[in-house]
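Protein chains in written order, with numbering that gives the first Met the number 0: chain A, 0 to 297; chain B, 0 to 236; chain C, 0 to 326.
Since the hints were derived computationally from the structure, they do not count as laboratory data.
Now the in silico label distances, taken between C-beta atoms and shown as ranges: (1) B:Arg-76 - A:Phe-75: 24 to 32 Å; (2) B:Ala-232 - A:Ile-163: 52 to 60 Å; (3) A:Ile-163 - B:Asp-134: 19 to 27 Å; (4) C:Gln-129 - A:Pro-141: 20 to 28 Å; (5) A:Ile-116 - C:Thr-10: 45 to 53 Å; (6) A:Ala-161 - B:Pro-123: 28 to 36 Å; (7) A:Ala-161 - C:Ala-202: 40 to 48 Å; (8) A:Ile-263 - C:Trp-78: 23 to 31 Å; (9) C:Gln-129 - B:Gln-130: 47 to 55 Å; (10) A:Thr-216 - C:Ile-208: 42 to 50 Å; (11) A:Tyr-133 - C:Ile-310: 47 to 55 Å; (12) A:Lys-131 - C:Ile-208: 51 to 59 Å.
One side of the interface only, derived from the structure: several residues of chain B facing chain A at Cβ under 8 Å: (13) Ser-49; (14) Leu-51; (15) Pro-71; (16) Glu-72; (17) Val-75; (18) Arg-76; (19) His-81; (20) Ser-83; (21) Ser-87; (22) Glu-91; (23) Leu-92; (24) Glu-96; (25) Leu-100; (26) Gly-101; (27) Arg-148; (28) Ala-152.
Even glycine gets a Cβ: it sits at the ideal position worked out from N, Cα and C.
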Amino acid sequence: MLFIDTLLIGLSSGAIYALMALALVLVWRSTRVVNFAQAGQAILSTYLGYEVMNMTHNYWVSIPFAILGGAAIAAFVDGVIMRALVKRSHKGSVSEIAPVIATLGLLGLIRSLTGMIWGNAYLQYTSPLSGKGYMIGQHTIPFSPQNLIIVIGALLVMGVFAAIFKFTNLGLALRAASFQPEISRLAGIRVDRIRTIGWAFAGAAGAVAGALVTPTTYLSPNSLDLLLVSGFVAAVIGGLDSLIGAVLGGLLLGVGFAFILQYIGTSVTFSAAFIILILVLFMRPRGILGSKGGRRDA
Amino acid sequence: MSALEVSNLSINHGAIVAVRKLSFTVEKGQLAAIIGSNGAGKTTLLRALSGLIPASEGTATWKGKSLLGQKPENLVRSGVAHVSEGKSVIPELNVKENLALGGIWRKDKKDVAIATEEVLELFPRLRERLQQSADTLSGGERQMLAIGRALIARPDLLLLDEPSLGLAPLIIEQIFEAVNQLRHRLGLTVLLVEQNAMSALKIADVGIIINVGTLVTSGQSKELLADANLRAAYLGY
Amino acid sequence: MRKSKSLSALTFLAIGLFLLGLSNFVDELRVYQGAQIAVYVIAISSIILLTGYSGQISLGHGALMAIGGYAAVLSYTYWHLPFLLAFTVGALAAALGGFILGMAAARLSGPYLAGTTLALAVGLPSLANQFHILGGEQGLSFDIGEAPKWISNKTGGDFTQYKWFFWVSVVCALATIWFIKNLLQSRFGRTWRAVRGNPSAAALSGINIGRSKVLAFTVSSTLAGLAGALLAMLLGLVAPMAFTLTLSFTLVTGAVLAGVTNLAGSIVGAVVLVGIPEFTDAVATHLGGSEKISANLPGLITSVLLILTVIFMPNGPKLHKRKKVTN
Ligand SMILES: Nc1ncnc2c1ncn2[C@@H]1O[C@H](COP(=O)(O)OP(=O)(O)OP(=O)(O)O)[C@@H](O)[C@H]1O
Ligand SMILES: [Mg+2]
Chain A
0 MLFIDTLLIG
10 LSSGAIYALM
20 ALALVLVWRS
30 TRVVNFAQAG
40 QAILSTYLGY
50 EVMNMTHNYW
60 VSIPFAILGG
70 AAIAAFVDGV
80 IMRALVKRSH
90 KGSVSEIAPV
100 IATLGLLGLI
110 RSLTGMIWGN
120 AYLQYTSPLS
130 GKGYMIGQHT
140 IPFSPQNLII
150 VIGALLVMGV
160 FAAIFKFTNL
170 GLALRAASFQ
180 PEISRLAGIR
190 VDRIRTIGWA
200 FAGAAGAVAG
210 ALVTPTTYLS
220 PNSLDLLLVS
230 GFVAAVIGGL
240 DSLIGAVLGG
250 LLLGVGFAFI
260 LQYIGTSVTF
270 SAAFIILILV
280 LFMRPRGILG
290 SKGGRRDA
Chain B
0 MSALEVSNLS
10 INHGAIVAVR
20 KLSFTVEKGQ
30 LAAIIGSNGA
40 GKTTLLRALS
50 GLIPASEGTA
60 TWKGKSLLGQ
70 KPENLVRSGV
80 AHVSEGKSVI
90 PELNVKENLA
100 LGGIWRKDKK
110 DVAIATEEVL
120 ELFPRLRERL
130 QQSADTLSGG
140 ERQMLAIGRA
150 LIARPDLLLL
160 DEPSLGLAPL
170 IIEQIFEAVN
180 QLRHRLGLTV
190 LLVEQNAMSA
200 LKIADVGIII
210 NVGTLVTSGQ
220 SKELLADANL
230 RAAYLGY
Chain C
0 MRKSKSLSAL
10 TFLAIGLFLL
20 GLSNFVDELR
30 VYQGAQIAVY
40 VIAISSIILL
50 TGYSGQISLG
60 HGALMAIGGY
70 AAVLSYTYWH
80 LPFLLAFTVG
90 ALAAALGGFI
100 LGMAAARLSG
110 PYLAGTTLAL
120 AVGLPSLANQ
130 FHILGGEQGL
140 SFDIGEAPKW
150 ISNKTGGDFT
160 QYKWFFWVSV
170 VCALATIWFI
180 KNLLQSRFGR
190 TWRAVRGNPS
200 AAALSGINIG
210 RSKVLAFTVS
220 STLAGLAGAL
230 LAMLLGLVAP
240 MAFTLTLSFT
250 LVTGAVLAGV
260 TNLAGSIVGA
270 VVLVGIPEFT
280 DAVATHLGGS
290 EKISANLPGL
300 ITSVLLILTV
310 IFMPNGPKLH
320 KRKKVTN
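Next up, chain A with everything else stripped away, as it sits in the complex:
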C-alpha cells in the first residue's frame, strides 16, 4: 500500500518535472541554450493566472490565460533578447556563455519584477479541487483530485505536443529548424520565426506546470526555482535533446524523489536532486535515450 501511495505521489510530481523538462528541452534543441529564465517565465505566467482568477473567481478560466501569457512572455524573451545574442554567440563574436548568462539575468529580472508587483509574501492560488487525498476504503491515499488533474493536464500537454510535432507542418518545421537550421532555411523555413514559436511552446509548458502545481503549494517570486532544478535534472536524465526523454526523465525523477522522501526523509530532496544529477552524468552521460552529440568536451 505504502508502495503504491509513494508511486502515485511520485507520478504527480514527476508530471510537473516532465513539463518543466519539456520546456527546457524545447529551447535547448532549437537554441542550444539552457534557459534558466524558464522558472521566471513560468512564475510570471502563474501570477497572471492568479490575477485572472482573482477577477473571475474561476481557476479553470485562469489556466488558459496563464498558458497564453507564458507563450507570449517566452516569444518576447526570444524575439527581443535572445535571438540576436544567440546569433552573435554562434558566430563567435560573443562568448558562448553569454546567452546562458543572459537567461540568468532574465531570471533575476523577472523575480524582482514579480516581487515589486506582488510582494515576496506567499500568496494562495487555489484550485476548486480538493487537495485532500482520495479515500480507498479506510485508507486515505496521498493522491488528491488536484494531483489527478496535474497528471491529466501534463499528459494532455504532452499529447498535444506529440501530435503537433508528428502530424503538422509546423511540427515538421520545428523539428527541421532545430536539427539543421541552415538546411531548413534553404528549404524555405523562416527559422527565426519558427524558433520563437518553439520558445512559445516551451513557455506554455512551463505555464501549465506553474498553474497546476501552485495550488498544492504557494505562490511567491521564487517558488518555482526548485522546479527549475528538478526540470533540468529530468531533462539531463532524458538526454537534454529528446522530448520523450524529458517526459520519461521527469517521471523517473518524480518517482525516485517520492521514494527518497518516503524512506529517507524530506530534508534530503534538494541534495538528492544534485546527487542524482551527478550520478546520471557519470553513468549515463547521454541520458537514458539521448541522441548523439555528447555533453562532454571533445
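Assemble the complex: chain A is given as a structure, and chains B and C with the ligands must be docked to it using the hints.
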C-alpha cells in the same frame, strides 16, 4: 540581358578573400558548370548567391533582381534553390519528411503533391524508402533526396554544390543524367559546381573556371574541353 | 622577472597600507562597506579565475562559499581554533568540495556544468536544515572578537570591530589578488590559457586537460571558501539565507561586470555590487516607495545590469572570444 548576371563579385571570410572580383553570366535554361579545385571559392560563391553569407562588393542578379542581401528562406520562395555541399538533407527526419520540407511553405498543395510525385518518378529509389530515416540512406540516395527536395519548391534557378562528392562513377552519371533531363523538361537554369570537370562539362552548356577566387576563363563547354592548355592546367586530365 | 615581482609585492603593500590608513578617516558604515567590497573582490576573482582563465562556468559559487562559511564557524566554535586558522579550515573544506565538483565539471561541457552547479547552489544550503549541528534556518552565530591589543594599541583611537573586519578582509583580498596574479603567470596559468584557447591543441601538446580543469576548480573553490568565511565574519553568522541562489547569481554578475578575464575589474564589480543596495535604498526612500519596491530594487538593478552588459558590452568586459573558424 542574361538571366543570371554576376559582376565584380567579391566575398570575404574575415580577412580571407575567397572570391575576388568575379564576373560571369548565364542565359536562361542553360546549365553552367563552375569548375575549380579545392578552396577555389565555389562553395563560397553559391552560399552568397543563395543568401547564406554576405558579399563584400559587386552585384549578382537573377532575372534583373538582386540576389544579394536577401535571406535564403525568401530566395527559395522566389525560385532560387540551393542544394548545399555534402548532401543537404536532414538526417534526423525520414525521407518523406525531408521531401515534405521542400514544399512546406508553398500554398498550392495540389502542385506540391504533383511535384513530389514527379520527384519520386525521377528517383524511384526514394519511393521505396519513404519511411526510412535519411540517416540510413546511401550517399547517392541522399544526394537524390537533396535534389528532390529542392525540386519540390519548383525553382527556376538551381544551385548544385558538388553533387558528385564521394559518389561512385555510376551514381554520378545517374545524377548528372537526371539533372540534365530536368532542365530540358522544366526549363531550369542550373549552376553546377564541380571538381569533376570532365563529367560536368559534358552535360554543361557553358563552363566557368575559377582558381583561388578569380575567374580563369569562361566559355562554351565544348571549346573548354578542346583547349589543351586548360585541360592540362585546370581540368586535371 | 624577479625584480618586477618584488616591485609588485611592494605595490600591494603600499595599497594595503593606504587602505588601512584610509579606514581611520571614514565613518563606520563606509568601513563596513569597504570590508564587504573586499570580500566580494575575493569571491568575484575566484569566478574570474574559473570562467575567464579556465573557461568553466559556475553558478554554484554561493554554495562553495557556504561550505567555507560553515566549516570556518564550526571549527571556530567546536575546536576553538584561532579565527585565521578557522578561515583556513573553511577555505580547505571548500577546496575539497570544489575538487569533487571539479572532477565532475572537468567531464562536463557548458550547459551541463551550468545546470549542475545551479543544482548545487539550490540544494546545498538546505542541508543546514537536516543536520542539527548546522543550526537550521537560524544558523550559527560567529564572532571573531575585537582586534588583538598589539594592533589596536598601535593605531590608537577607538579600534572598532568593523575596522578590524575591514583590516582582515582587505589583507585577505590583497593576498588573494597577489596570489592569483602570480598563479596566472606560472606554469598553471599558461596551461589554463592554452586549454581555454584551443583544447585540442593543448591536448596534443601533452597537457592533461582534465587535471588542469580540476585544479582550476579547486583553486577557485578555495578562494570562494575564504570569501564565505569572511562573509560569515561580516554577518556575524552562517545561515542558509546568507548563501542563496541570489548570492551565486550576484557573483556571476560581478564577474561579468568586471569583465570575465579582467582581474582588476573584480574591484569595480565588487564596488558596483556593494553600491547597488546603497543606491537603491536612496532611490526607494526618495520615492517613498513601498517595502515591495525597496526589497526588490537591488535585484532588479543587478539583473538589468547583467543583461545590458551581456548584450551591449560583451567585449568590453571580456566575454570576447577569438573568431571561431568553421570549415
Ligand atoms: N567559414 C569560413 N571561414 C573562413 N574561411 C573560409 C570559410 N569557408 C571557406 N573559407 C575559405 O575560403 C576559401 C574558399 O573555400 P570554398 O569552400 O568556397 O572552396 P571550394 O571551392 O568550395 O572548395 P571545395 O572544392 O574543397 O569544396 C578556402 O580557402 C577556405 O579555406
Ligand atoms: Mg566546396
